[in-house]
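Following the hints, position chain B against chain A.
So the chains spell out like this:
2 protein chains.
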Amino acid sequence: MNRGLLIVLSGPSGVGKGTVCTQLRQKQSELIYSVSATTRTPRQGEIEGINYFFKSREQFQDMIARDALLEYAEYVGNYYGTPRDFVERMLDSGKDVILEIEVQGALKVKEKFAEGVFIFLLPPSLDVLKQRITGRGTENSDVIDHRMSVAVDEMNLIRYYDYAVVNDEIEAACHRIQSIITAEHCRKERFMAGFDAFKATTEKA
Amino acid sequence: MNRGLLIVLSGPSGVGKGTVCTQLRQKQSELIYSVSATTRTPRQGEIEGINYFFKSREQFQDMIARDALLEYAEYVGNYYGTPRDFVERMLDSGKDVILEIEVQGALKVKEKFAEGVFIFLLPPSLDVLKQRITGRGTENSDVIDHRMSVAVDEMNLIRYYDYAVVNDEIEAACHRIQSIITAEHCRKERFMAGFDAFKATTEKA
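Protein chains in written order, with UniProt numbering: chain A, 1 to 205; chain B, 1 to 205.
The shape of chain A in the complex, shown without the other chains (with noise of 0.2 Å):
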């Protein structure tokens, strides 16, 4: 049985990346969604191993010290990471695995797990950006203006990336991210790794 494949969906904030890996998700059941780890609390309704692997700070600490995220930050004091174990797990079993990530996240996993596919999605045009990070309310221009110059500069990050997805509409973008995984299974590299066992085929011919 071939591997899955990591896929890696990222973009700056904004950008719309929890909407399409949510509608991908429905569109493609088998996808698997990478489970984050994390030493904050709970909250109502969140079930171990779903919506998140819950620890300890101690525990989180310890995998940090046997390598065992892919990658991690804290953010307003709590650990967050992505736990390699899980996805190892999946990808050995032949399922893919999603894991939606903001830019620098992904970057740490790609030193760790540079096989990984990095799908780096874009809006059709900065106006577009500014409308949707507008369009949220409350924010006031300086944070707007902020916001973007973050945006602008982690678009410059793209040149470490496989393929740039333009999130101009829903279902497209999802199109165009379930056609790159299906085109990665078919890479000549990964039929290589099994190509003896296929030329053997012959034998029994």
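Check the hints yourself; a few may be wrong.
FRET-style restraints, in silico, Cβ to Cβ [stated by the list, open to error]: (1) Ile64(A) / His175(B): 34 to 44 Å; (2) Ile170(B) / Gly194(A): 43 to 53 Å; (3) Ala193(A) / Glu46(B): 35 to 45 Å; (4) Glu115(A) / Gln28(B): 29 to 39 Å; (5) Thr19(B) / Arg66(A): 47 to 57 Å; (6) Gln26(B) / Ile64(A): 53 to 63 Å.
To be clear, the hints were calculated from the coordinates, so they are not data collected in a lab. The beta carbon of each residue, even a glycine, is placed where N, CA and C say it ideally should be.
Relative to the frame of chain A, chain B by itself:
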């Protein structure tokens, strides 16, 4: 406008290149079929520029001398080849071009047009390929054994291709090839070519 892609579809004799290519063009009418040049006499109903570009032997040899062919071969006394100019014009106008060609011809194209997308079509197993070759009738077992041995040699050339697509079922094979075309259009390198123009959209924001 983005430049089109040259999709080179190849694979051993009997694998079903022609059937898959015909089906693909029906499903994706905007895909342009690369028209070959030949010195053979037009058959009833064949149209210049649609089925072939019909050339005199002198004209064809002049094209060879001018390096105007992506590949060519002589077969039963006639020349056959792929005019570069037709392909380039289509790509420049943003259209994707598909070239269906045998394995050796595809490798010649790669020498002159490395930026093409090279897809190798495979049978589900060598058993199935043997059945398909045998199923054509008429051939004796020496001919079949020879064809199988050529097919296995050709399959070793898959290492020079980008993708391996198994033709287990025509619809599935077409879906994989369509996915490859969509994914290749999303490659980061293609996006980067227009990245400065994209970033300039912030000026208008």
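Check the structure against each numbered hint from earlier and tell me which ones fail, lowest number first. 2
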